[in-house]
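S.K.: Sequence:
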Amino acid sequence: MKGLHLFLEALPHVRQRRPVTLTVIAAPGPSDYARQVHRQVHDLGLDDLVRFQLPVPIEALEAEFRRHDLLLFHSVYAEPVAQVLLRAALAGLPVAGPAAHAPDALLLEGVTASCYADTSAAAVSAAILRGLDDEAARAGRAERLATLVRRDHDLADTIAGYDRLLRERLAAAPAGT
Numbered sequence: 001m002k003g004l005h006l007f008l009e010a011l012p013h014v015r016q017r018r019p020v021t022l023t024v025i026a027a028p029g030p031s032d033y034a035r036q037v038h039r040q041v042h043d044l045g046l047d048d049l050v051r052f053q054l055p056v057p058i059e060a061l062e063a064e065f066r067r068h069d070l071l072l073f074h075s076v077y078a079e080p081v082a083q084v085l086l087r088a089a090l091a092g093l094p095v096a097g098p099a100a101h102a103p104d105a106l107l108l109e110g111v112t113a114s115c116y117a118d119t120s121a122a123a124v125s126a127a128i129l130r131g132l133d134d135e136a137a138r139a140g141r142a143e144r145l146a147t148l149v150r151r152d153h154d155l156a157d158t159i160a161g162y163d164r165l166l167r168e169r170l171a172a173a174p175a176g177t
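If you read the sequence shown in my numbering, its first letter stands for residue 1, the second for the next number, and so on.
If you're looking for bench data, these hints aren't it; they were derived computationally from the structure.
Fair warning: there could be bad hints in the mix.
[Stated by the list, open to error] The following label-pair restraints were derived from C-beta to C-beta distances:
#1 12 - 167: 41 to 49 Å
#2 12 - 137: 20 to 28 Å
#3 101 - 122: 33 to 41 Å
We put the CB at the ideal spot given by N, CA and C, even for glycine.
Take the sequences, apply the hints, and build the full model.
M.R.: Right, here's the structure in full:
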């Protein structure tokens, strides 16, 4: 439930402008969402564009990222904290995702990513197309994003911080929760 449905709605618009395929690396999630996504792929006529792939071990992620042109990333949080985003950035994979509203955010339109301000299919597809259209701009955004991640988001520190937070929450949770 990471916004895949938004990217699927945008794909028919992208397809009108350029050939494209989408690799969905999906861990098992809520079965209702998975059914919705598969139905949406079929209903939108995207069966020939969307390839579903099993989860990739962490050790293989960098190689997987290098086989792709763009990471489609969506988050409902003001500051994205997803490990996939951080790992993709460190691997040099450009990103298309939601526009940030904080000046110190990772995803900044035209600076570190191709962003959409709203989740309409038109806005999302425009961000994807900007993310794919100019190789030099894409490489520049990817490098600036990688620099920010290296500087501000040490992976080991981030993981340790989440581990601490989860342990604190579990310790404070009522019994049987």
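S.K.: So the hint says 20 to 28 Å: do the beta-carbon atoms of residue 12 and residue 137 match that?
M.R.: Roughly 24 Å apart at Cβ, these two residues keep to the hinted range, so it holds.
S.K.: Does the hinted range 33 to 41 Å hold for residue 101 and residue 122 at CB?
M.R.: violated, 20 Å
S.K.: Mind checking the hinted window 41 to 49 Å against the Cβ distance between residue 12 and residue 167?
M.R.: About 44 Å separates the Cβ atoms of residue 12 and residue 167, which means 41 to 49 Å holds.
The structure fails to meet hint 3 from the earlier list, while all remaining hints are met.
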